[in-house]
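Starting from the given sequences, assemble the full structure and let the hints guide the process.
Just so it is clear: in the sequence shown, position 147 is 146 by numbering that gives the first Met the number 0, and no numbers are missing.
Since the hints were derived computationally from the structure, they do not count as laboratory data. Fair warning: there could be bad hints in the mix.
[What the hints assert, rightly or not] For lysine to aspartate or glutamate, the following DMTMM-like pairs were computed, each having C-alpha atoms within a straight-line distance of at most 20 Å:
1) Lys573 / Glu551
2) Lys573 / Asp471
3) Lys648 / Asp601
4) Lys60 / Glu185
5) Lys46 / Glu185
6) Lys220 / Asp384
7) Lys46 / Asp182
8) Lys170 / Asp182
9) Lys555 / Asp539
10) Lys531 / Asp478
[As the list claims (entries may be wrong)] Pair by pair, the computed Cβ-Cβ distance ranges are:
11) Glu533 / Val660: 30 to 38 Å
12) Glu203 / Glu289: 35 to 43 Å
13) Gly410 / Gly187: 43 to 51 Å
14) Ser663 / Gly410: 33 to 41 Å
15) Ile582 / Ser663: 47 to 55 Å
16) Arg249 / Gly187: 48 to 56 Å
17) Asp311 / Lys226: 22 to 30 Å
18) Pro585 / Thr544: 18 to 26 Å
Heads up, the beta-carbon is just placed ideally off N, CA and C, and yes, glycines get one too.
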Amino acid sequence: MDADYYKAVIRVFVDLHNKGYIYRGLRMINWDCEAKTALSNEEVLYKEDGEKSILYSVRYKIKDTEDWITIATQRPETIMGDVAIAINPTDDRYKNLVGKKILVPFINREIPVIADDYVDKAFGTGCLKVTPAHDVNDYEIGQRHTLPVIDTINDDGSLNEKCELPKFYNKDRFFVRKEIVKDLREAGHLVKEEEFITRIGRSERTNTVVEPKLSLQWFVKMKEISKKAYQAVEEDEIKLHPVKFKNTYRHWMENVRDWCISRQLWWGHRIPAYYYGSGENDFVVAETLEEAIQFATKKSGRAISEKDLRQDADVLDTWASSWLWPIEVFGGFKNDFFDKERGKINVEKCPELAYFYPTQVLVTAPEILFFWVARMIIAGYEYMDGKPFENVYLTGIVRDKQGRKMSKSLGNSPDPLGLIETYGADAVRTGMLFSSPAGNDLLYDEKLIEQGRNFTNKIWNAFRLVKGWEVDKTLTQPDENKTATLWFESKLNQSILELGDHFEKFRMSDALMCVYKLIWDDFCAWYLEMVKPEFGKSIDELTYTKTVSLFESLLKVLHPFMPFITEELWSELKTRDARENIIVAPWPQAGAMNAALLSEADFAFETITGISNARNAKGISPKETIKLYRQESGKDLKFFWPIIQKLSKLSEVYTAKEKPVGVSFLVGTVEFTIPLEGKLDVAKERELIMKDLSYQKVFWLLLKRN
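Now the structure itself:
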């Protein structure tokens, strides 16, 4: 571990302990029986749709009567740890039992019937067995009613002598569950078994079912220290994207519990607590062994040496070090910058921290919103009196086509390196971004990656086309090329503004689609077709220079999404200095937009598409020159007729009093006709029309019958 970072983690532990935020106590915690370590609440995972379990209805004998009371439980292996039976005080069915004694099956321990509002009258039988050592809610009931605690389960998940049934000593809890159900059934105590779906907590570390357990651990008091972090998000000083996670954050912060930070693992930042005796408070917390000796001597009132001290064997939860990252990455907790008396960092003494803190955006996953994000915010306000970042962008989860989370166990996760080898890094990156709006899950489909690869090929082919042009400096720029460059400049400026809006609102997929359409449709499908010279001919220097400049701007706006191909083509478009990389090139600024020209272009493109569709419908070769009749109307084009004629191979565009015989189409309210005189087989056309008419008549009759 980094020595400076280690010192920072230890320093913060000592500081928070001195401030009264960190304490050591016997508390109910989540225990991983396989890893044999404590877990925080955030390290306990629950399957989205819950898990199947069995609800066992068990009879308990009421002392000194022939009557029984039935309790529903899904954990019969904890029966031996029962210390009470709880009912809801408003439940008329059981009011008369309050204060009476019940006998625990098999061991016949007497336990009282108590009334508590926590009990749900509608769940199970309405009676709750209270086992404070093995359930968080039961523990709280036990605290309210001053009930004893009987811990029958060892750290490894086996039962111990406190269960009072020797046959179960040192046997695993799930083995005991099966055996005791069998015993209950044979003894006539088991009334009913029914399956139901419930939330079962599992360890993030081992996937083992978590065991609630009383344990002596180290905790951080969270209520007070997290107030500013709560307000920061609530008041939008820190913005979460998408905003829906603000509700999730609020719920967690309003219900925050003390954070168990000690772990029983081999590796980690060792807790800086030093014990000098066997008493509950015979310990000191210090940054170094030398300080510990000094503090222990003063606290104990006797001389303490190194051999008299024993450092705590536990280590810290990994997030108890990660939460300092925005500060300690710049050395904020070093002696020169940290004020021990105030427990604050003197930012003005640390230029790098003063410059970079707070940063603008943190990109991370929603599942560590509380593990890491919330805790970094808490640490930021505690030590810097300010937020660590301005925005938090929360990505979605990649799922398969069935909506399942990608996992090794399901075998539904593709090999990213294999995809990169097949399609290229840019294709994989872009393919995943095509449909990944902030915070929403992405249904993975390899066709998305193929789309990314096709986009890469499109850009590469556009580059080859432009670099393949011969430039003739003696040529004058044609009017249609001037129109094309003016139009695309306006389109680019419009897209840059749109991109800025998407980026500002963290709509990354929308931003990518904006760039995708600008390059694929506007640049490749229209602009290059408008300006490219005829086969074997040269292009004028002004158009070529402008095209290269526009291509450079496109590479810049594409670079955040496809960094590799853009850097490569940037260096190939023109000769540059070795340090003139696109990654450090200035972002293009939006200039003026010609709205009239953009509108005219849309009309022109619809006209060109209409002509192309008409050619296809009538089998007219795209190489054949044709005429175009235009209906007289108020709509006219000032600049784009030469482009329409060039791209549609028109010999003439005319108007006349009478519309010619031919194929017609509409663009808005303007009608166009391609004359087919001499090109149309009248008899064949009539035959096709009559066939279609006959079909429509039959279809109409069928509709009338139904």
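Of the hints given before, which are not true for this structure?
Numbers 5, 7, 9, 14 - these are the hints that the structure violates, sorted from lowest upward.
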